[in-house]
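Q: Those protein sequences? They're chains A and B, same order as listed.
So for the first sequence, full-length UniProt numbering puts the first residue at 1; every next one is plus one.
So for the second sequence, full-length UniProt numbering puts the first residue at 1; every next one is plus one.
Simulated from the structure, these hints should not be mistaken for laboratory data.
Please note: incorrect hints may appear among the correct ones.
Derived lysine to any residue pairs resembling SDA-like cross-links, with alpha carbons at most 25 Å apart [said to hold, decoys possible]:
hint	chain 1	residue 1	chain 2	residue 2
1	A	Lys174	B	Ser397
2	B	Lys174	A	Thr385
3	B	Lys174	B	Thr152
Keep in mind that this is a model prediction, so the values were computed, not measured.
Number of protein chains: 2
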Amino acid sequence: MGTSTVCYRCNRRYQDDNQVRCECGEPLWFDDDLAGFDLPSPREMNGLWRYAEALPDLRPEGIAAAAGRTPLLRSPRLDQVAGCRVYVKDEGENPTGSYKDRGSAVAVSHALQQDIDAVGTVSYGNMAMSTAAHAASLGIDCVVLVPTDTPTSRLELIAQYDPTIIQVEGEYGKLYDDVLDLNRELPISFLLSDAPARIRGYKTALFEIYEALAPDTPDAIALPASSGGFASGIWRGILEFQNAGVIDTPPRLYLVQTAASDPITRAYIADQDEVSALEAEAVGETIAHSIGNPNPPSGTRALTAVRQTGGAVCSVTDADIRQAQRQFARRGGLCVEPASATPLAGVRQLTSRGEIDEDETVVLLPTGTGFKEMGTGGVSIQTNTLSRSALSSQLASLLSS
Amino acid sequence: MGTSTVCYRCNRRYQDDNQVRCECGEPLWFDDDLAGFDLPSPREMNGLWRYAEALPDLRPEGIAAAAGRTPLLRSPRLDQVAGCRVYVKDEGENPTGSYKDRGSAVAVSHALQQDIDAVGTVSYGNMAMSTAAHAASLGIDCVVLVPTDTPTSRLELIAQYDPTIIQVEGEYGKLYDDVLDLNRELPISFLLSDAPARIRGYKTALFEIYEALAPDTPDAIALPASSGGFASGIWRGILEFQNAGVIDTPPRLYLVQTAASDPITRAYIADQDEVSALEAEAVGETIAHSIGNPNPPSGTRALTAVRQTGGAVCSVTDADIRQAQRQFARRGGLCVEPASATPLAGVRQLTSRGEIDEDETVVLLPTGTGFKEMGTGGVSIQTNTLSRSALSSQLASLLSS
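Kindly produce the complete structure, drawing on both the sequences and the hints.
A: See below:
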């Protein structure tokens, strides 16, 4: 594995592996080289660390050892909904219930090798939970910066891991840049959505997809997009596997955004090369709160990934998302968060437009479990009431009806 | 793998693989034979089905393919709490967030091979969610029998998978026997906590522990106990591995119950051979609602497993459980449900009593994720509020304090 970071766009290279962004403004990633790497026969059961050639030379304990190695399952009852042949890579089966654990496993362990007092992050959702949990399990302090209006239900999920939670007054969207400064000024390592060490962790999801499907290969991979970090990781994985000769034709990457905040879709449709931040008035409310970033730091990289793989970006409404979430549960047996339902809604749109054929194999990537938001008791449920003594007869008529 | 069921106690054998209990009253399990089986080098990534020699000859799709293969992680920051060397097998990382998926994966797939209209279960918790989800993903109807006082928050989790939910009036505890009759009378297969096909799935957790630790071996395994089904599965796995020559000295099994309903602990302490149902007045309220069964159908089998492996059974209070749950999160980075926190509380008790030595290796088995009950907003959270402009200076003083 490499030790320098590089820009995917201008190819500038940096020996400082804490540097997040290139002089050209684009986010960096690690310059790993997998030349000569073959699809391994599965090795020991230590999560994503089995891809040792492509990861830093760490053997972390705690939940870092448990991140990744999520199942890929064939989900035939979703085919009819999606309009193609569906596999699901269930990223909800990570230690804190989201793909963020792949990034935290690599990034928090990596940060610990340096002379710092704490790790930190800017998030009020899955990334905050994941970073705080990985810090707790490795015994280092964690600082989480959240907006002042973060709901208590979300804070409760973060607070269980006992980080220092700071509600920041002022424009939360500007914190990304503030924090890049803080990383230089203070003995703290803020691990943002597109920290290279995170991307390094994310790419292992792509490796696992190919390993699980071998000798078959997917025609396309569909995932939610917000900051563009996960899409970057998947693309990085594709490139490393192409370089190693494991992948010949890359899978098309399809990114799906919430229509309430979809800067990458807009840039894609307008045939632009760069993703621009949305103005405040162009941003709406959405149930898919995990993917509402109007100013995605890796947006342009994600858009480039789509263009270079021949994919597309599309947006789905909250109504589409809610329907897809129900279909994931009722036809797939999977409880996914709203943001994670977007790939199913998006692929349905793309197949009906003819961008994906019905005989093609598409991997959906639901990025996080829905259990964190379920069980609040706010939903009305239909049940039947039967007496125990009459159970047999009444059940028989219920079954035959 | 075998095709007959057998009683662990009296060795009676049955060719009817739907039979749940022996004439002697004890629950049956499958008579699989792993003679000649070696610890495999990991094979393809298809969950528990990799142990094909020990499972029915099925290749199910849907979430059945994703059950099992949970991570085993070394958790050094829990050593100090537990008083020994701790590994954690995180069963929360299953498709519906609990070990029940191992049982449902095998049992629902198995039921589908028969001429039935539906599968069913008697549960208002993890087993109901798991059975309903597996049925949904395989496209068969599911009937869930719940008590009339089941909270809406729990029903919401079950209902998402769209089973027929029946609230049963009358003594819920007697349903176990009613349902054994229904299985004979109606074209429905009720998969109870100790259905042999479930136990067959549960044993794979033991196989995975040994595979992940090899060439090391655990001195003990600690898990929550309620119906005794999971303990039976773990023991069955031990026996099959002993028979195959993979295990020489079996690990001691430690079962932990909630003090509010602990019939197995009482039988253990009283040096009895059988577990008796608790009278209603001996049963209290507990936060560990997943393990409150006062009349465990596999209780005696579980007790026998403890005796034959040289382990113990102990009980922990709700206060112990709440503390252990916090320690799992703050020192382990793991969000576990109250029932799943009991192994940590129990092992702490056992080490302080001298039953487990500090240099021994103990695997804790938290059986289900805590995310299903989190995020309700009912907890008060401590946060700090800082302004964005003063973040650098204030964060510096916060870090140094």
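Q: Now tell me if each hint is right for this structure.
A: Hints, one by one, checked against the model:
With a C-alpha separation of about 22 Å, the suggested pairing of lysine 174/A with serine 397/B holds against the 25 Å cut-off. At roughly 17 Å between alpha-carbon atoms, lysine 174/B and threonine 385/A fall within 25 Å of each other, so this suggested pair holds. Taking the CA atoms of lysine 174/B and threonine 152/B, the gap is near 23 Å; set against the 25 Å cutoff, the hint holds.
The structure agrees with every numbered hint stated previously.
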